[in-house]
Amino acid sequence: MLPLNTFDENKSVAEAFRSHGIPDEQIYFAFREDLTCDGNFGEEWLAIDQEANHLYRYSVSSQVFDVFDLKDLERPYIDNYTTSNRLLAYVKDENGNDQTIVLGACTNACKRKLTAFLNLWDRVTKDLKIENDDHIFDQFNAKCPKCGTVYPDQQRRICEVCAKKKGMLVRLLSYFGDFKWHFIVVLLCLIMTSAISLASPIISGQILYDQVITAPGVTSDGSAVGTMHEVKYVFVFVGLLFGLALLQLLIGIVQGRCNAHMSTRVTKRMRDDIFTALSKLSLSYFNKNSTGRLINRVNYDAIKIRSFYIDGVPALIIHSLNFIGLTIFLFSINWQLTLIVFVPIPIIVILFRRMLPKFWRSFSKLWRRSSSMNGMLADTLNGARVVKAFSKEAEETNRFHKYATGLYGANMNVNKIAIMIFPVVSLLIGLSAQAIWGFGGIKVIGKEMTWGQMTTYLGYLGMIFGPLGFFSTFTNLITDTINSASRMFETLDQIPEITDSPDAVAFDSFQGDIEFSHVSFHYNPSNPILKDISFKIHPGDNVGVVGHTGSGKSTIANLITRMYDTVSGTVYIDGTDIKNIKQQSLRRNIAIVSQEIYLFAGTIADNIRYSRPEASMKEIIEAARAANAHDFIMQLPEGYETQVGSGSRSLSGGERQRISIARALLLQPSILILDEATAAMDNETERLISEAIDKLVVGKTTITVAHRLSTLHNCNVIMAVENGEVVEMGSPKELMEKKGDYYKLYTLQNDQLQQVMAGN
Amino acid sequence: MEEVELESLFERRESVRLTQENAVFSKSPGGLISLTLRHPESDKPDEFFERVIPLRGFPITDPEQFISIREPDTKEKGRGAEIGLIYDMKEFDQATQELIRAELDRHYFTPELLKIYSVKEKFGYLYFEAETSAGPTSFVLNNPYSNFRTFDDERIFIYDIDGNCFQISHPEKLDKASYRRIEIYL
Ligand SMILES: Nc1ncnc2c1ncn2[C@@H]1O[C@H](COP(=O)(O)OP(=O)(O)O)[C@@H](O)[C@H]1O
Ligand SMILES: [Mg+2]
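Sequences listed follow chains X and H, in order.
Residues 0 to 759 (numbering that gives the first Met the number 0) are what the first sequence spells out, left to right.
Residues 0 to 185 (numbering that gives the first Met the number 0) are what the second sequence spells out, left to right.
Here chain X stands alone, though its shape is the one from the complex (with noise of 0.2 Å):
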């Protein structure tokens, strides 16, 4: 059985067919769904046999075993659906018309076999031989782009060795290894802080209190009070007092200094990782995220992580320190009193547990809000033109005006629940502390505790609710920093789709031979864009594509340079597989005008320098004349040094059509690739620029996609696009007489020409 799906995958599968008659060895190849015909999941197979005579399906939840004639099956395709993918072929009824028939379904997740086993099944009906190692199973043996394991899993490619393997906060603090030294002191500042606020009751209470300012005498319990009942001892505690409230600045300060060393420094630590490896990524990534998306990422989640262990993880050291020693010395004191201000304690963590996740809630609506008020702003601001040219003034700002009021509602939640929370903690935490005046007075003229004690008391009391609040709302904390952590490292983690295989060749210039071989791709795999298309382009060649927008001509151009990698087929260049060619030879030596253009925000010579910046002054100057920029260069009141780029809209779409167009050829690469890099021009600028061209480009293999035929005047060859197909190739002359595709273009713009001549 050839290695698309095998048996060996489920032994019942092979039972079924022997007890249909089939051994395994009968059978060429076959394929596992996942769907059912009737659109469900579960098992279904698909199998041809070794004569090519028949199509067997057996499904292996209901186990019904069907037999197809695979002369009876014409010309099969493939429906391919959102999510989902069905294969197809016409029978003929009894009257000789063409019926559609399901043969299968599958998701998304064996699209690739499917289409495989198609492309099989087409070959066998052709009497091609298949062996094992046929190039169709190549990407079923797709290794790990960073480690080269085969991936245990084919359909869901998943490298376990390069898998993150440490948690998430060991690596988190590995951001903080550099910092030690700050660590250690903003740990010690933490817990002298903590020391202090612990001690300050105590020395204001039963010692400022019992021991200096009562008058000398003998507690119930036999301790002795106003030991120190003097006026100098007032001025030591009070001073003491002083002193410690001094130096809690002091710590203040020196813990603030430590923090915000480390923070700026992790933060932009974070922000250049991220960065790094954004810029890393291959293209697919880019469409798949939106740049706001990514620029938070950035920005917020960086900010975010360095907030937590800023302020949240010495705020949990503090709070539990100052939790653990205030139980102590609450219960040393008096563990009757400290019972009774424990009472409320189960209260609050319940009335927290119970409304901080709707404040939690309101709170993510009111950031979600946010961002989506700062998106349509972005939008409207940066599309200003469109708003202007409609008139929509009115409307935007209605529409903004609908945002901020969602922002304000949100705003407004938010607040209401805060202030439903705080009230009622503040009227429990002062009915505990009237208990504790209650109880404690009683306990005070009874003699069984000193005013001292009592005073320290009160105090501790305050503060034994900070740590409760916080502990409350800390596992959000925890949530929000782990999502955004978890954000930042998915960043990090992404392994780079199109990275060098480790035996990639060099090179330093190409012939400018490229070939496709059985090339089929697709952005997302509901929407095949090329299909199966093959075709040679021979060093020196001039040529030009031509086909309707969407038909895939951009496509092409994108796989020549590999800025995406095919699904399945190979791109030679210069007889050598693409994948083993290292990006950096690709990218020096093929230049590609695309479509879109985008100028960076800087002068118009550091854009045209972009592709090569080693290069002078005046190769920047020849490359501009070359692409007829020159001229209007030098019109500009700051000629080369004029700013351009993202804000600054002063160019027409031609002026930087040309502007792209000498950033490529100053690369002097071996294959040019204008991809309608000349759309936005009159014709005579168009021919001045392509002259030019040809002059610096003799010799060198040229592409050139185009929908006005002029454009191609000097093409050897052309290729029409279709519908992700090349469905002609060949000289200009060659495809007229074919009438086909480009014969209908060059009908449609000659009849045009002919009738604006005859002047109707």
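It should be emphasised that the hints constitute simulated quantities derived from the structure, not laboratory data.
Note that the structure is a prediction, hence the values are computed from the model and not measured.
Hints may be right or wrong, so weigh each one.
Said to hold, decoys possible - Here are the simulated lysine-lysine pairs, DSSO-like style, with alpha carbons at most 30 Å apart: (1) Lys401/X / Lys391/X; (2) Lys581/X / Lys737/X; (3) Lys125/X / Lys70/X; (4) Lys267/X / Lys279/X; (5) Lys119/H / Lys415/X; (6) Lys401/X / Lys535/X; (7) Lys43/H / Lys10/X; (8) Lys89/H / Lys172/H; (9) Lys119/H / Lys10/X; (10) Lys91/X / Lys43/H; (11) Lys112/X / Lys10/X; (12) Lys112/X / Lys119/H; (13) Lys415/X / Lys172/H; (14) Lys142/X / Lys121/H; (15) Lys530/X / Lys112/X; (16) Lys179/X / Lys267/X; (17) Lys10/X / Lys91/X; (18) Lys142/X / Lys530/X; (19) Lys112/X / Lys125/X; (20) Lys738/X / Lys535/X; (21) Lys119/H / Lys142/X; (22) Lys535/X / Lys737/X; (23) Lys121/H / Lys303/X; (24) Lys142/X / Lys535/X; (25) Lys737/X / Lys125/X; (26) Lys121/H / Lys91/X; (27) Lys89/H / Lys43/H; (28) Lys112/X / Lys142/X; (29) Lys303/X / Lys279/X; (30) Lys732/X / Lys530/X; (31) Lys70/X / Lys172/H; (32) Lys119/H / Lys303/X; (33) Lys530/X / Lys578/X; (34) Lys743/X / Lys530/X; (35) Lys267/X / Lys231/X; (36) Lys743/X / Lys89/H; (37) Lys121/H / Lys279/X; (38) Lys121/H / Lys112/X.
Please build the complex by placing chain H with the ligands on the supplied structure of chain X, with the hints as guidance.
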């Protein structure tokens, strides 16, 4: 160039509004949809399409309106041309509605998650075991934070690593245990 030839080169069929009056949908022997298109206004003969494909114009917010009826996308036919547009499914009888809806549901295969048995995290990937409206299944998510999509009406779409999509139309109706398993990703 002769005019006639040019005209025929650019022939394209005109899409019409489909109603009970001009469109008769039927189930083909292969279980798919066939269409007989009448031309009441002109004397053109009826057209028969052995197989047509319905597509939704607004699959997320308005699945029952603006259904495009097209020819299949096959090698010989090219991208399926639009035969006509159904403005509202309600304009057709119950049987037709069901026929088309079944095919649409097949096309926009988005099983409803009824129960989530388990969600396991391993090396940053989430492994789901769940009961869906299309039977039990398991699927894997990479990047969970980017692959949950919440709509204004609270509906949740979950996109898995293979490009399949699952939905939860009423998160509040999901049992507590299932909801808790996905809560943190929302
Ligand atoms: N990044 C992308 N993600 C998803 N689909 C895309 C992407 N780029 C192009 N497409 C789709 O691929 C098809 C071919 O696009 P393209 O190659 O740009 O066509 P052409 O250049 O011939 O006009 C179009 O249907 C388009 O919608
Ligand atoms: Mg294009």
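So, going through the hints one by one against the coordinates:
At most 30 Å may separate the alpha-carbon atoms for a hinted pair to count; lysine 401/X and lysine 391/X meet this at roughly 15 Å. Using a Cα cut-off of 30 Å, the hinted pair lysine 581/X and lysine 737/X is violated, with the two alpha carbons roughly 40 Å apart. The hinted pair formed by lysine 125/X and lysine 70/X meets the criterion: a straight-line CA distance of about 12 Å does not exceed 30 Å. A threshold of 30 Å between alpha carbons decides the hint, and for lysine 267/X with lysine 279/X the separation of about 18 Å falls inside it, so the pair holds.
With a CA separation close to 37 Å, the supplied pair lysine 119/H and lysine 415/X exceeds the 30 Å bound. Restraint check for lysine 401/X and lysine 535/X: the C-alpha separation of about 56 Å exceeds 30 Å, so the hint is violated. About 57 Å separates the Cα atoms of lysine 43/H and lysine 10/X, which puts this hinted pair outside 30 Å; it is violated. Restraint check for lysine 89/H and lysine 172/H: the C-alpha separation of about 28 Å stays at or below 30 Å, so the hint holds.
Between lysine 119/H and lysine 10/X, the direct Cα distance comes to roughly 28 Å. Compliance with the 30 Å bound is thereby established for this hinted pair. For a cut-off of 30 Å, the pair hint linking lysine 91/X to lysine 43/H stands: about 27 Å separates their Cα positions. Distance hint between lysine 112/X and lysine 10/X is fulfilled; the C-alpha atoms sit about 20 Å from each other, no more than 30 Å. Only pairs whose Cα atoms come within 30 Å are accepted, and lysine 112/X paired with lysine 119/H is accepted, the gap being roughly 27 Å.
Using a Cα cut-off of 30 Å, the hinted pair lysine 415/X and lysine 172/H holds, with the two alpha carbons roughly 27 Å apart. The suggested pairing of lysine 142/X with lysine 121/H holds, with an alpha-carbon distance near 20 Å, which does not exceed 30 Å. Between lysine 530/X and lysine 112/X the CA atoms are separated by roughly 15 Å; this keeps the pair inside 30 Å, and the hint holds. For the hint pairing lysine 179/X with lysine 267/X, the CA-to-CA distance comes to about 17 Å; that is within 30 Å, so the pair holds.
For the given pair, lysine 10/X sits about 35 Å from lysine 91/X by alpha-carbon distance, which is inconsistent with the 30 Å threshold. Taking the CA atoms of lysine 142/X and lysine 530/X, the gap is about 24 Å. The hint holds against a cut of 30 Å. Distance restraint check for lysine 112/X and lysine 125/X: the Cα-Cα separation of roughly 20 Å lies within the 30 Å cut-off, and the hinted pair is therefore satisfied. For the given pair, lysine 738/X sits about 22 Å from lysine 535/X by alpha-carbon distance, which is consistent with the 30 Å threshold.
A hinted pair counts as satisfied when its Cα atoms are at most 30 Å apart, and lysine 119/H with lysine 142/X qualifies at roughly 24 Å. In summary, the hint linking lysine 535/X to lysine 737/X is supported, as the alpha carbons are separated by about 19 Å, within the 30 Å threshold. A hinted pair counts as satisfied when its Cα atoms are at most 30 Å apart, and lysine 121/H with lysine 303/X qualifies at roughly 24 Å. Between lysine 142/X and lysine 535/X the CA atoms are separated by roughly 28 Å; this keeps the pair inside 30 Å, and the hint holds.
The suggested pairing of lysine 737/X with lysine 125/X holds, with an alpha-carbon distance near 26 Å, which does not exceed 30 Å. About 51 Å separates the Cα atoms of lysine 121/H and lysine 91/X, which puts this hinted pair outside 30 Å; it is violated. With a C-alpha separation of about 27 Å, the suggested pairing of lysine 89/H with lysine 43/H holds against the 30 Å cut-off. With a C-alpha separation of about 17 Å, the suggested pair lysine 112/X and lysine 142/X falls inside the 30 Å cut-off, and the hint holds.
For the hint pairing lysine 303/X with lysine 279/X, the CA-to-CA distance comes to about 24 Å; that is within 30 Å, so the pair holds. Our distance criterion of 30 Å between C-alpha atoms is met by lysine 732/X and lysine 530/X, whose separation comes to about 26 Å. Using a Cα cut-off of 30 Å, the hinted pair lysine 70/X and lysine 172/H is violated, with the two alpha carbons roughly 51 Å apart. Taken as a hint, the lysine 119/H and lysine 303/X pair is honoured in the structure, with Cα atoms around 26 Å apart against an allowance of 30 Å.
About 20 Å separates the Cα atoms of lysine 530/X and lysine 578/X, which keeps this hinted pair within 30 Å; it holds. Using a Cα cut-off of 30 Å, the hinted pair lysine 743/X and lysine 530/X holds, with the two alpha carbons roughly 23 Å apart. For the hint linking lysine 267/X to lysine 231/X, the alpha-carbon distance of about 54 Å lies beyond 30 Å, and the restraint is violated. Taking the CA atoms of lysine 743/X and lysine 89/H, the gap is about 42 Å. The hint is violated against a cut of 30 Å.
Taken as a hint, the lysine 121/H and lysine 279/X pair is honoured in the structure, with Cα atoms around 24 Å apart against an allowance of 30 Å. Restraint check for lysine 121/H and lysine 112/X: the C-alpha separation of about 26 Å stays at or below 30 Å, so the hint holds.
When each numbered hint is compared with the structure, violations occur for hints 2, 5, 6, 7, 17, 26, 31, 35, 36.
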